[in-house]
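Peer 1: So you can see what is in the structure, the chains are spelled out below.
2 protein chains.
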Amino acid sequence: MAAIDTTRFLRDLHELRRIGEYRTGVHRPTYTKEDMESRRWLMDRMRECGLDPVMDGIGNVIGRHPGPGPHLLVGSHIETQNHAGWLDGALGVVAGLALARAGMAVDVAAWADEEGHYGGFIGSRSFIGQLPEEEIDRLENRYHGRKLRDALREAGLEGRPRIRWEPGRHKGFLELHIEQGTQLEAAGLRVGVVTGIVAIRQYRLVFTGQQDHAGGTTMAERRDAGLSAVRLLAEIDRHFPLVCGPRSTWTTGRIALDPGAASIIPGRAEVLFQLRDVDEAVIARMEDRLRALVQESNRREKCPCVLEPVSLSTPAPCDPAMQRALADAAEALAPGAWQSMPSGAGHDAQYLARVMPAAMLFTPSIAGISHHWTEDTREEDLALGVEVLAEGAARYLAT
Amino acid sequence: MAAIDTTRFLRDLHELRRIGEYRTGVHRPTYTKEDMESRRWLMDRMRECGLDPVMDGIGNVIGRHPGPGPHLLVGSHIETQNHAGWLDGALGVVAGLALARAGMAVDVAAWADEEGHYGGFIGSRSFIGQLPEEEIDRLENRYHGRKLRDALREAGLEGRPRIRWEPGRHKGFLELHIEQGTQLEAAGLRVGVVTGIVAIRQYRLVFTGQQDHAGGTTMAERRDAGLSAVRLLAEIDRHFPLVCGPRSTWTTGRIALDPGAASIIPGRAEVLFQLRDVDEAVIARMEDRLRALVQESNRREKCPCVLEPVSLSTPAPCDPAMQRALADAAEALAPGAWQSMPSGAGHDAQYLARVMPAAMLFTPSIAGISHHWTEDTREEDLALGVEVLAEGAARYLAT
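These protein sequence lines map, in sequence, to chains U and E.
The first sequence stops at residue 399 when you use this note's numbering, and every number in between is there.
The second sequence stops at residue 399 when you use this note's numbering, and every number in between is there.
Just so you know, these hints were derived from the structure itself, not from any lab.
It cannot be assumed that every hint is accurate.
Keeping only pairs whose Cα atoms sit at most 25 Å apart, straight-line, the calculated SDA-like set for lysine to any residue is [claimed, not checked]: (1) E/302 - U/366; (2) U/302 - E/186; (3) U/302 - E/182; (4) U/302 - E/372; (5) E/302 - U/234; (6) E/147 - U/262; (7) U/302 - E/243; (8) U/302 - E/187; (9) E/33 - E/154; (10) E/302 - U/247; (11) E/302 - U/372; (12) E/302 - U/239; (13) E/302 - U/250; (14) U/302 - E/238; (15) U/302 - E/284; (16) E/147 - U/261; (17) E/302 - U/240; (18) E/302 - U/182; (19) U/33 - U/57; (20) E/302 - E/210; (21) U/302 - E/274; (22) E/302 - U/187; (23) U/302 - E/367; (24) E/147 - E/133; (25) U/302 - E/241.
On a predicted model such as this, the values are computed, not experimentally measured, just so you know.
Please build the complete structure, drawing on both the sequences and the hints.
Peer 2: Encoded structure:
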């Protein structure tokens, strides 16, 4: 293969950054004018690289390599979170361009709405055949409530066919992404070879008590939904370290007490709770313990708690042969400056992994920041990332 | 004294209920059209009872008895919480009218904005000389932000003098009020003689952590402000029963995690916490323990917690001679069907108690409900309440 033109790669990244520029970051929500402009920009770049681009009915942009296989599929997403960073998603798409520009047998993809303005991974799920029409009918923008169907029509996507994966065409899917954590930076490393993408299990814990005046109701009489929630969360904090794995995480993102006034005993409490791990067995242990703690809470407390699943993804282990190829490439280009690590965040690769071998490579995130306009990575790390990706892709294609 | 006309008393209550009627309750926020209509209605009733009514510059309506003393001051407030009950406040004002109608030497008062649409107890605080002009300049409606000054002008109150208490005129202040709890109902009792009004200490607990992506940040790296809050609240729950009194209460009304999203580790947590007791020594023990627990949290946790006082009221014990007169009256009219009890809620009487002997009498609340349009009390209990109030007032005036 020809060498990767890292200068051109960085120039493309900076050019894309100007579409929807916000401070040093980017505001390019799915299907907005800026997002659609970036998709057209991408199609132009694909043509320059000799790929044959199509934008499909869900907004996926796929640039097809015209030559003989075996092919790799390389990409990520191109829209951003609100007022977010310039690399999250864009990096993996522009890296795909760089591989194509170097003459490699790659198809390049930008999957629509990985960031979940409307759904979550709807582009990659559509491509693997796991986005039913009924779900498209139902989805709405999570910030302003516009129907997905209306957004697709206004973006000019209505009526276009949706492109499905073609069995046998791709030897695997590769995604370069920023780490969105501080593991690499803290260890002084420059590349991460991803072992797998964590499962994320999201729950809503709803406690029902009795709303009462905080002055007129004795402690013995109360059914304080907020207090029952606090007690259960403290128990989770005490118990989860006993059953978790070394890289498990669990997070309470929101606690809403209703009505939420200083002098009123909460009649209802709603907690958003999630847990993540890359190992299904660890996930199962944590979920078992969670259910047991809810059961115990319901025996002990006067406010019943209902555990409602919000979304339950499964872990997506990365393909061992692809991991090996990327690890060998990393050791060749950055000896001693890389490590294997799980991905704590969800990525399109977890859906592609359901239909083909898939793997991911991480570059460091400065201070671990992402989903914020200050998100950044050193340019030499970006350049090294795309070089390791290309070298790993070449090694894997040669197997 | 002449007997209390309880039929007329109940008729007055039902007539007042129609001003701002909402379902079976009342919506009469301070200084609204309905509130001002109720104040004018009250002045008409005062004139019928032979009182000389004035509405002052803060909206207090005071009906002055023209005859010789010693006088009692009797009353409560007339505005309501939003979409609230027909008795909270109105009961004590209309009871004052009933005593005046029976020929007793009482001045009757309706204190403005006990419910705190703008401030909280601003009428009774104005009357005792504890509402400075600067505070009136500053106050705004807590629901829609209108300035208190603008509301006073639109209600036609601007420029009127504010009436102050007249040292020596009143032998004491009496307030009949619904219990707003279930103590009387649960014990099968019909009258409560209030021993004192609890102090309410309100705090804001602010925890500062580090906002991070829930997938990219390991448990060891995290500074989760929400988790630090949960741990402290669980400790309070464990420790307060060791230092509280028999009727102490403590309440967490709100927990706000910032930014409050499922996949983001909260960088900030804000908790509204309050405690109540009628005994200053118990309050002091609870506050000492609270401060110690915050200190311990700050030694143990990575997210510092700041304890900010929001409002700190002091307990208001009821006058012993007045309590005795009310207790004797209750035993005479409802033998065995009454008890002494603290008030867990704040009332205008706690401010009047700063300048004269003050006492309160409770009638039962059906199911303990208040600050809701379903608030109610059996009519025979309302009638008994005003009779005990009158008998107690007569006994106290005779001492």
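Peer 1: Out of the numbered hints, which ones does the structure contradict?
Peer 2: 15
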